[in-house]
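There are 2 protein chains.
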Amino acid sequence: MNYPRPIEDLISSFMRLPGIGRKTAERLALYAYSNMSEDEAKQFGQNFINLKKNLHTCPICGNLTEKSTCDICSDSTRNHSQIMVVETVKDLFIMENLGQFKGVYHVLNGAIDFTNGIGVEDIRIAPLLERVKEGNISEVILACNATLQGETTSRYIKTLLEDSDCLVTRLAHGLPIGGDLSYADEMTVLKALEGRIKY
Amino acid sequence: MNYPRPIEDLISSFMRLPGIGRKTAERLALYAYSNMSEDEAKQFGQNFINLKKNLHTCPICGNLTEKSTCDICSDSTRNHSQIMVVETVKDLFIMENLGQFKGVYHVLNGAIDFTNGIGVEDIRIAPLLERVKEGNISEVILACNATLQGETTSRYIKTLLEDSDCLVTRLAHGLPIGGDLSYADEMTVLKALEGRIKY
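Quick mapping for you: the protein sequence lines, in order, are chains A and B.
Mapping the first sequence onto the numbering used here, position 144 (from 1) lands on 144, and the numbers just tick up by one.
Mapping the second sequence onto the numbering used here, position 91 (from 1) lands on 91, and the numbers just tick up by one.
If you are wondering where the hints come from, they were derived from the structure by calculation, not from laboratory data.
Some hints could be false.
Claimed, not checked - Here are some chain B residues pointing at chain A (derived, C-beta under 7 Å):
#1 S13
#2 M15
#3 I49
#4 E96
#5 Q100
Claimed, not checked - What follows is a list of derived Cβ distance ranges for each label pair:
#6 B:G110 with A:T169: 49 to 59 Å
#7 B:E162 with A:R5: 16 to 26 Å
#8 A:M1 with B:R22: 34 to 44 Å
#9 A:S34 with B:A184: 25 to 35 Å
Glycine included, every Cβ here is placed at the ideal spot set by N, Cα and C.
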């Protein structure tokens, strides 16, 4: 026996989201039915519909925006000669919320991952090269994840930029703040040792 | 810095759901943007809007339905003299999917929980008494959860039905199937011992 159609429909929709299986989807759909007002449910639905209608990626950096170019790319007070390369829009927001970086970004929309069939052409590497080739770029900061995929991507981009005259840097690896040596994996400790600085 | 409005709106909507905090909501909203087609997002939204529009509770048992009475209450092949009392629609579906019970249901929509201000009047106890008073009910099976709230509710209903001539039963407590004695809590083992049957 299945739930009534409107509930089943919503369950299927929830199951399309990552990390949400049948049981969780049932719980969420039933909760939405019992605990949300009709207006709230309508609003939720409308928000979903607006999502793809009003939003697109910035043609320069790949950030999400409702305007023709994103707020960061159109901000003249930022340093447009310094590009931080991140894998996802989420990473961009993590960096941005630190409030420290005043350059601009380049969102790759993923990382090279040959085992899952994601190659060089599948992520936004070519537009990055275009931006560097256009000139006036002094530094490219590689802020990919410290994973196999992220490292592969960083190395590949570094190789491509070897002939350009801009500085290519990457984020430091090491012990996380508040991290206990005994909890860190060997590779992290090794990187922390390699990257040690004068105290 | 916040995400663009359509993403922030969807994040707020997701955060209204139980067990979904800001981080998960961000992940889901960004996933929905990147991995769903416009049609899919529209469908998800429409499903939410339909939820409250097309669905209501069965006036007899409290189950969810799109019709005037639910499929179970309008099924003449079922035993309408046997009512199983459950706390939620979800519990009804759990029972129904066992395929064993051929009576009808009564959904309480919660359980008595004085610490959270849920009293006798807040759940569907009165309509249950009405159904019993109308007659032709031979058995009321209390299938509330084996929690303090569920037990309180069961006991309260049992007291109310003491003067009626219908049989009041409750689900058995005991070791879960496949359960190891050493993993069961003391109360469960105690109930299993109390409820032991001839082998």
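Status of each hint after checking the structure:
1. S13: Holds, because the Cβ-Cβ distance from B:S13 to chain A comes to roughly 4 Å (cut-off 7 Å).
2. M15: Given a least distance of 11 Å, the restraint on B:M15 is violated.
3. I49: Check passed: Cβ of B:I49 comes within 4 Å of chain A, closer than 7 Å.
4. E96: holds, 5 Å
5. Q100: violated, 12 Å
6. B:G110 with A:T169: 49 to 59 Å: holds, 58 Å
7. B:E162 with A:R5: 16 to 26 Å: Violated - the Cβ-Cβ distance for B:E162 and A:R5, about 41 Å, lies outside 16 to 26 Å.
8. A:M1 with B:R22: 34 to 44 Å: Once the Cβ atoms are compared, 36 Å apart, the range 34 to 44 Å for B:R22 and A:M1 holds.
9. A:S34 with B:A184: 25 to 35 Å: At roughly 32 Å between Cβ atoms, B:A184 and A:S34 fall inside 25 to 35 Å, so the hint holds.
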